[in-house]
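Enquirer: Construct all of the structure, not just a fragment, from the sequences and the given hints.
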Amino acid sequence: MYMTAISDTAHPRLAKGVRLQSDSATRKTVLLFPEGVVELNETAHEILMRCDGRTVSEIVQALAEDYDADLAALATDVRETLADLQQRRLIELR
Amino acid sequence: MSAPRPYALLAEITYRCPLHCPYCSNPVNALTTAHATAKNGELTPDEWKRVIREAAALGVLQIGFSGGEPLARHDLADLVRAAREVNLYTNLITSGIGLDDHRVHLLRDAGLDSVQLSFQSDASDLSDEIAGARAHQRKLNAAAKIRAAGIPLSLNFVIHRRNIDRLPQMIELTETVEAQRVELANAQFYGWAFLNRAALLPTREQVVRAREVATAAKARLAGKIDIFYVLPDYYETRPKPCLNGWGQRYLTVNPIGDVLPCPTASSAIPDLTFENVRTRALDWIWRESESFNRFRGTEWMPEPCRSCPQREIDFGGCRCQAALLTGNAANTDPVCEFSPNRAMVDAVLHDINSSSDHARDWTYRVNPKVLHC
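Respectively, the protein sequence lines represent chains A and B. Every letter in the first sequence is one number past the one before it in the numbering used here, and letter 43, counting from 1, is 43. Every letter in the second sequence is one number past the one before it in the numbering used here, and letter 209, counting from 1, is 209.
In silico SDA-like cross-links for lysine to any residue, where the CA-CA straight-line distance does not exceed 25 angstroms:
(1) A:16 to B:150
(2) B:224 to A:20
(3) A:16 to B:141
(4) A:28 to A:39
(5) B:224 to A:94
(6) B:224 to B:166
(7) B:240 to A:36
Label-pair ranges, simulated between beta-carbon atoms:
(8) B:366 to A:20: 41 to 47 angstroms
(9) B:208 to A:67: 51 to 57 angstroms
(10) A:39 to B:350: 42 to 48 angstroms
No lab work stands behind these hints, which were simulated from the structure alone. Here a beta-carbon is modelled for each residue, glycine too, at the ideal position from N, C-alpha and C.
Expert: Rendered as structure tokens:
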């Protein structure tokens with residue numbers, strides 16, 4: 001299985017050809033790519049909304065502040081979600 | 001029966017095509033049916049734009065512009081723009097013939113999200129023989145233009161007995177043109193491919209080797225290129241979950257506006273009548289029409305599907321394949337090992353695998369000529 005560790009200093013962004021969009025039928029956020037649609041859960045949605053040039057640790061920090069959540073638990077969630085999205089080639093890490 | 005929401009529309013905007021591939025999935029009778037008269041000709045740009053808006057309102061998120069060769073229509077970029085205006089993800093499924101710099105830029109500026117470019121093989125001689133036209137070099141040029149314009153590129157190879165042994169070279173070509181993904185899809189036997197099956201179906205030995213090549217390449221290129229290898233289903237023992245179920249996720253609109261649950265249904269299932277976007281709203285056709293409801297859900301299933309634990313997984317396989325092989329679209333797909341008609345598939349496999357004297361000749365696809373809107 002292809003899997004890389006997610007570094008704190010990496011800059012995640014949507015992979016080329018992937019579009020994030022609101023689905024008017026369900027009001028959920030989806031990722032669109034050639035021949036596919038993925039419906040995002042709330043965690044993935046909140047993370048991707050913050051993939052705007054920030055690093056992984058900056059994203060974790062921002063989420064912790066916005067949701068008043070535990071930093072360590074959040075960091076694990078963010079890394080797992082990003083690793084999953086990267087493995088499906090929906091995001092790139094720079 | 002309540003209808004789910006569709007996800008993707010396949011817009012077959014023309015059956016015209018500069019190539020003559022013997023495995024084309026277009027109906028063999030596209031030339032002789034109503035398509036050739038002006039009155040019943042291709043949908044106009046305004047009609048397509050209405051279809052696109054109606055599809056988005058139904059919940060469709062993706063549109064594939066296909067054909068025929070969609071570049072044969074000069075309003076393609078306008079249709080892409082119309083699809084982007086209603087937030088559809090736009091994919092162009094093309095041979096690349098006709099894609100010059102000007103048109104690549106028009107399409108990019110219209111917001112085209114991605115291109116799937118077909119190749120017949122990895123090298124000119126065999127590719128051009130399969131296409132029945134000098135096309136390979138023009139495809140390579142098209143790939144370079146698409147990459148230069150920054151549009152994400154996928155390749156598609158239709159695999160059959162004449163090119164399956166060149167899978168490694170096809171994967172190499174995918175790397176060379178820097179495509180992000182590649183479909184290595186064994187020909188499925190509908191349309192022209194059904195007519196030419198004896199010349200196209202690979203041998204068991206070829207299929208086994210190709211699967212090994214694809215699996216190894218998948219591992220080697222993981223994270224770099226997505227490889228989708230589609231098996232020839234005659235060699236499977238369980239049917240493919242065709243369309244993820246009839247009338248569940250996909251709809252196709254053909255060049256003259258007939259709305260099909262599957263692009264091959266119009267020729268494979270002659271006793272189904274299809275509605276047309278010129279006389280009915282897309283929403284009504286999707287939800288209410290006989291053609292979309294006939295095989296929706298599981299109520300229509302005969303045995304052995306009706307009591308099969310797989311019925312919500314493979315949906316009894318492919319209706320078109322059942323119709324083409326058994327004459328009844330409601331039968332279990334004969335690829336299934338539980339189908340009472342599996343012997344029909346085995347007989348075809350036996351013919352291919354028991355003799356080294358295989359049919360080599362195929363009939364090239366011919367093209368409709370009088371198609372203008």
